[in-house]
Amino acid sequence: MVKMVKAAGTFGRSGTHDFVLLRASAIIMALYTIFMVSFLVSADTLNYAVWTNLFAHLGMKIFTMLALTSVLIHGWIGIWQVITDYVKISGLRAFIQFVVSVALIVYWLAGLLVVWPVEGV
Amino acid sequence: MLISVGLLVWALATSLQSAEGFAMVHELFTGFIAKFILWGILTALGYHLVAGIRHMIMDMGYFEELVSGRITAQISFVLGIVLSVLAGVWLW
Chain H
97 MVKMVKAAGT
107 FGRSGTHDFV
117 LLRASAIIMA
127 LYTIFMVSFL
137 VSADTLNYAV
147 WTNLFAHLGM
157 KIFTMLALTS
167 VLIHGWIGIW
177 QVITDYVKIS
187 GLRAFIQFVV
197 SVALIVYWLA
207 GLLVVWPVEG
217 V
Chain V
167 MLISVGLLVW
177 ALATSLQSAE
187 GFAMVHELFT
197 GFIAKFILWG
207 ILTALGYHLV
217 AGIRHMIMDM
227 GYFEELVSGR
237 ITAQISFVLG
247 IVLSVLAGVW
257 LW
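The listed protein sequences derive, respectively, from chains H and V. Start counting the first sequence at 97; every next residue gets the next number (the numbering used here). Start counting the second sequence at 167; every next residue gets the next number (the numbering used here).
Hints in this document: simulated from the structure, not taken from any laboratory. Among these hints, one or two may not hold up.
Sample of chain H residues with no beta-carbon within 10 Å of chain V, all distances over it, derived [stated by the list, open to error]:
| id | residue |
| --- | --- |
| 1 | Met100 |
| 2 | Leu162 |
| 3 | Phe191 |
For each label pair, taking beta carbons as the anchor points, the in silico distance ranges come out as [said to hold, decoys possible]:
| id | chain 1 | residue 1 | chain 2 | residue 2 | range |
| --- | --- | --- | --- | --- | --- |
| 4 | H | Val217 | V | Thr238 | 45 to 51 Å |
| 5 | H | Leu154 | V | Thr196 | 28 to 34 Å |
| 6 | V | Val251 | H | Val116 | 30 to 36 Å |
| 7 | V | Trp205 | H | Ala145 | 25 to 31 Å |
| 8 | H | Leu162 | V | Val244 | 27 to 33 Å |
| 9 | H | Val116 | V | Ser184 | 25 to 31 Å |
| 10 | V | His192 | H | Tyr182 | 21 to 27 Å |
| 11 | H | Tyr182 | V | Ala185 | 43 to 49 Å |
Chain V is nowhere near these chain H residues, computed Cβ spacing over 10 Å in every case [to be verified]:
| id | residue |
| --- | --- |
| 12 | Val101 |
| 13 | Ala104 |
| 14 | Arg109 |
| 15 | Thr112 |
| 16 | Asp114 |
| 17 | Thr129 |
| 18 | Tyr144 |
| 19 | Leu154 |
| 20 | Phe159 |
| 21 | Gly171 |
| 22 | Ile179 |
| 23 | Tyr182 |
| 24 | Ser186 |
| 25 | Val210 |
Think of the CB as a built atom: it goes at the ideal place given N, C-alpha and C, for glycine as much as any other residue.
Turn these sequences into a full structure, and let the hints guide you.
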């Protein structure tokens, strides 16, 4: 009874799932943003050593990937909600959903492959 | 926001992969254009964050009348502008 409407483009299993995922991912990204801005604002010297040492920590790698996973989920559901409202031509809507989703997945992969080998100085 | 995240991930990738990459990004951000783009990204992100928080408060049943909705919308505009100015001060 729950899944009456067959929505194929979004990320969540149902509207309620989307609702929860969107907000949960938003909270994670907000925390990451606050952390990163605080770090950058308070860092008196910012050089390659400082920057790589930050991302050398496993915790920072996990937090970054958690944030990028949240970006993927948030962006996917977010764009689906926007284009289902505004893009009435289904072919165009499918194309936009595809391009955005692929871009988000590429960001995720790029993030993983970049932070994974960082060892710091 | 999609473009913003793309640029940020590119900057992260370039700056972490090598000392030269870091130097290039660091050098880039001393120039006006990169600072202006980053300022735009931070402004968009700031407002998106504020409006998102307002939206999550509204999920709990607040600000749903015409008056309260209108006022909190204006407040979120102001907060967005404040964050944008702060970002500008920090960048320049």
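Verification of the hints:
no.	hint	in the structure
1	Met100	holds (23 Å)
2	Leu162	holds (15 Å)
3	Phe191	holds (15 Å)
4	H:Val217 to V:Thr238: 45 to 51 Å	holds (47 Å)
5	H:Leu154 to V:Thr196: 28 to 34 Å	holds (32 Å)
6	V:Val251 to H:Val116: 30 to 36 Å	holds (34 Å)
7	V:Trp205 to H:Ala145: 25 to 31 Å	holds (27 Å)
8	H:Leu162 to V:Val244: 27 to 33 Å	holds (31 Å)
9	H:Val116 to V:Ser184: 25 to 31 Å	violated (40 Å)
10	V:His192 to H:Tyr182: 21 to 27 Å	violated (39 Å)
11	H:Tyr182 to V:Ala185: 43 to 49 Å	holds (45 Å)
12	Val101	holds (21 Å)
13	Ala104	holds (21 Å)
14	Arg109	holds (20 Å)
15	Thr112	holds (12 Å)
16	Asp114	holds (13 Å)
17	Thr129	violated (7 Å)
18	Tyr144	violated (4 Å)
19	Leu154	holds (15 Å)
20	Phe159	holds (13 Å)
21	Gly171	violated (6 Å)
22	Ile179	holds (12 Å)
23	Tyr182	holds (15 Å)
24	Ser186	holds (21 Å)
25	Val210	violated (4 Å)
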